[in-house]
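**Student:** As a plain string of letters, each chain reads:
Number of protein chains: 4
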Amino acid sequence: MRIGVLTGGGDCPGLNAVIRAAVRKGTKEYGHEFVGFRYGWRGPIEGITQPLDWDVVEGILDQGGTILHSSRTNPYKIEGGVEAIKKNMAALGVDALIAIGGEDTLGVATKLTADGVNCVGVPKTIDNDLSGTDYTFGFDTAVNIATEAIDRLWTTADSHDRCIVVEIMGRHAGWMTLHAGIAGGANVVLIPEVAFDIEKVANFVKERKEAGKATIVAVSEGAHAETGMVLKDGEVDAFGHVKLGGVGDWVAAEIKERAEIETRAIILGHLQRGGTPTAFDRVLATRLGLEAADAVNEGDFGKMMALQGTNVVRIPIHEGTDVLKTVPVERYADAEVFFGV
Amino acid sequence: MRIGVLTGGGDCPGLNAVIRAAVRKGTKEYGHEFVGFRYGWRGPIEGITQPLDWDVVEGILDQGGTILHSSRTNPYKIEGGVEAIKKNMAALGVDALIAIGGEDTLGVATKLTADGVNCVGVPKTIDNDLSGTDYTFGFDTAVNIATEAIDRLWTTADSHDRCIVVEIMGRHAGWMTLHAGIAGGANVVLIPEVAFDIEKVANFVKERKEAGKATIVAVSEGAHAETGMVLKDGEVDAFGHVKLGGVGDWVAAEIKERAEIETRAIILGHLQRGGTPTAFDRVLATRLGLEAADAVNEGDFGKMMALQGTNVVRIPIHEGTDVLKTVPVERYADAEVFFGV
Amino acid sequence: MRIGVLTGGGDCPGLNAVIRAAVRKGTKEYGHEFVGFRYGWRGPIEGITQPLDWDVVEGILDQGGTILHSSRTNPYKIEGGVEAIKKNMAALGVDALIAIGGEDTLGVATKLTADGVNCVGVPKTIDNDLSGTDYTFGFDTAVNIATEAIDRLWTTADSHDRCIVVEIMGRHAGWMTLHAGIAGGANVVLIPEVAFDIEKVANFVKERKEAGKATIVAVSEGAHAETGMVLKDGEVDAFGHVKLGGVGDWVAAEIKERAEIETRAIILGHLQRGGTPTAFDRVLATRLGLEAADAVNEGDFGKMMALQGTNVVRIPIHEGTDVLKTVPVERYADAEVFFGV
Amino acid sequence: MRIGVLTGGGDCPGLNAVIRAAVRKGTKEYGHEFVGFRYGWRGPIEGITQPLDWDVVEGILDQGGTILHSSRTNPYKIEGGVEAIKKNMAALGVDALIAIGGEDTLGVATKLTADGVNCVGVPKTIDNDLSGTDYTFGFDTAVNIATEAIDRLWTTADSHDRCIVVEIMGRHAGWMTLHAGIAGGANVVLIPEVAFDIEKVANFVKERKEAGKATIVAVSEGAHAETGMVLKDGEVDAFGHVKLGGVGDWVAAEIKERAEIETRAIILGHLQRGGTPTAFDRVLATRLGLEAADAVNEGDFGKMMALQGTNVVRIPIHEGTDVLKTVPVERYADAEVFFGV
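Residue numbers (the numbering used here), protein chains in the order written: chain A, 1 to 341; chain B, 1 to 341; chain C, 1 to 341; chain D, 1 to 341.
Hint data in this document are derived by calculation from the structure and do not stem from the laboratory.
In this text the structure is predicted, and so the values were computed from the model without any measurement.
Please note: incorrect hints may appear among the correct ones.
Chain copies aren't distinguished; within one or between two, either way the pair holds.
Unchecked claim - No farther apart than 30 Å at their CA atoms in a straight line, the calculated lysine-lysine pairs in the BS3-like style are these:
id, residue 1, residue 2
1, Lys-111, Lys-86
2, Lys-200, Lys-256
3, Lys-28, Lys-206
Just chain A, same shape as in the assembly (with noise of 0.2 Å):
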């Protein structure tokens, strides 16, 4: 049997140790020779390929990002999108597609499936937001890069008695912000899910100065206020949502103005992204990519790799991208505990 491996979408730390585990399984216990396909779907579309065996991988298990490279090309927007992918498969004699992705990437390995490609997914990314699974690999490394980022701010907050608001990635869900700001002791947490209103957070900033005390907000880059809320450069829609970028500046702007204290705006972006994977995510992506080549060893197309509890199952790759996993509101309950002096 050979397999074909790609990577879609943002990188993200453990999409090279999903690789490696699944090569390896697969070549050492089942005999399968693989094929890497570079720049996500594009590498099947395209014929784009790169040897991908136990010498190229094993020494990649540390390094974020991808081997594989990657892209958002999606065939289904392309014209003959699909009939490429199938003709290049069948020149290249690869029998399954291991697909390691977010929404867009697994959404594609769905429908190929369905139009006779066999595909399994394994979900990817940094927000968390995939159905079905605990958590994603990528999660906990970037959780962990902007909980530094706050043990960091914390101390240039705490010198100056200022308040500094912190922009965390999460456009639709507030995972990374809800566990980075708990994590961080952020006196006030803003998620996409809930919307904030900002008198009442620069109440919060405004008690702890007369307190004596500095203040650290955690924002997603998809949090809206109630009311009010107006980007440099972007525009109010009939909700109240306003275009998203340029959050933690306007949160930042107001809460100097109504608390009249010194306030800065961070944004992380792209450096929650990189790096070495942690630990979690290592153990978490291998599990994963080791299931994968199990589930294509057995034939078992169309499915996703899935964490429950401590267990690694596979679910239909719909069931991992139908419906967006945002963060329940008795889960952002535990970060109010801590809003405020």
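With the hints as your guide, set chains B, C and D onto chain A.
**Tutor:** Relative to chain A, chains B, C and D alone:
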């Protein structure tokens, strides 16, 4: 309501996060008061206390260890220990105890509850070997430290074409070694749950040497060879088990002789339990602390806070301590895939 | 003898280590007493103090920031500021001041010494741009943080075949960008001391793209293009210099257009100045603090502690602040060797 | 011109950065070619080479260890070793060698230069005990690792009111222990240069215990007591010196008995030499590599690259190796200020 908090057994990253969260929720949401008992169960036995309010705990989230200090004192092994606890609690007006600790500390909490003392338990062990909870805080931090150590040892092993044996904590359960071994890319992982054949281990190393590859062996301090293992200062029991300590040295010496390769043993020891907790452990510890405050408020005594999937739940304390949670065969198989060349 | 200590200007990893060392040596070896002045020069002007003895400072070695808090208050810009300092020192029985700070704080210390106030200075700036000392503490920590950031950004740049522009602190001196750029393997390094040609920069990126290589550009916030640089919210002055801020964004936008490659800008900002100091900074800060205690004891006022080679020496404070220490051409040449493919 | 590069002795973070910089400058600016000799001096003796150009070295800046591998082979201890080197260099068309290593490797380079082989040397030792250079790369990384270890051990020491003895590398020079001891806030620092009085050490610990404080003792593996030190497997020589190894264990055992406090010894060992280099070491190593390429180009053989103040200079190799650079009394005094309560 007035609540006492104590930490027992070995120190563990995340203890302070539990204390902080319980104090925050109890004071802010329920109007409870808190008092810290120092030195584990010695505190309530001897009436040694320290103030415990938000001002004391606000800044301790990122600190390893425990501000309450710890001990291995057991009131059931001290004449009049239990009576002393009751008397001191009454004198101090303490209605209930939050006991944060491992098997021993929680075992006492179970008995005390039966003896009429209001206790809730929060599980703590870097070994991850308590039942009823998917993970215990401290484990993730310890695994990350051990993984980082293995990452570093690889550069020395590679540069000198050596074998390095790294001995990792875990007398009865191999969780830390399994996770750090997988995360660090160890070529052999040896745990207490599965007796190993030193000849087979040495052969893996030999094959790798012949392929021009260095080797890392991760071994739990409680791992044992099927036969032949005699530690410097130890004895072999009827089952081939030996007195603990020195396993890494023995494995290194055997590999050196059998595979004819320069081999060094590194003992991580206490380096694994100190330092600031990872984000995972800070979040987990915080959630357990919040839940403990809720349990006390509801009078739900005799319960241990536990992580199951993504939920924090309460189970009878004894369910956490009755059976040691060891590594199942199928999880060990994940590591075995990577054994050898 | 009774000695006041204050910290002025931006916070910097190592400030607490200086305070701790000075207090230790002064109290233990010379029998001096210490008092902390809070908020930089505002402390002695307004008489705002905090206790400062060994019990207070023993545990602060690894803490970033300053337990004395800081400000940018300048007694020479406040009516009666200098007199207030003299009056408060007399009232508190304070004989001398240890002023820890950068250009502004030390400039005040020079003037105060001339005006009859006993001062010694300890140089502090993460920018490393004070003269007479090989390095200032905080610089090494900041460079490590920026280097680690570049390490992480490489994985994203590589995975997506992108160019990433990382903007590093340094308005007038490029030390941080030079060191982090070299240490992080940046392919172009742009500093305030050398005006750059954006066309040349874009060509480097283009050549690398054509060779299948991603690119990292490290740019100081104070770097400027020879011509053509117009910042979003800025103006170009007669020399082609622009108002500070936004350099990274401009460089990224130009590269994107000229080299036709996806390019992102990351602003490190305050992330560079917080957190625990590196060992280098802890040792340097400790040595400077010890020397400051000696200088005060000997009545050697008007001096700044400085690192020259491996020795800590004392120089007139103004020698540290008279001339900004910028990156010499031959040091920049070290970075240029690595420019391009 | 064709240049051979080799790395000898123990691995050290920064070796790859030297290789990378020398190759870059030599190929790009002087049109030189490079060849890697594997396994230290064994490489040129046995003619074991590997390709060495920019494509090979571009990505190795952040990797610890050495891609050229290392050994302790000495051509002057091998029959015909020197002749073999000459013969192999001639056969491969290699005009000059860049030898990166410590005392032994550089000692050979000095002799070979006298014997007509064109050599330049780059000093390497995590021990920092070579003369003529302020620092050697690898030292800063090792000190940071040891400091981080001490930071972690503090939390365990504090939580359990214990004494922890941490044994740090350094058989003949105490630089690493001095710097990590100061940076980690150790309460006693013991180095090979100054014989210690174990009674006095134990008294420091006792006083701290009575003051309710835990203690960290940092001890070099080569430190020795004035009298009475007998290691488990060692012997005391006429000067009270003992065979190396086990010093930490002995000190811990003595403290435990004399100060009546639970005391543990932790041996850092090889953990100190692996992993990615710090920014300081990457910059230093890069500068030394650039200078070595210049020296070879100029035919300035027999020279060692050295850091003096902020400058990289060239000195005769033997000046680096003639005298071991040990810790002077006045630097040790910096640590002594912090001894005791």
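**Student:** Taking the earlier hints as the rules, which of them does this structure contradict?
**Tutor:** none
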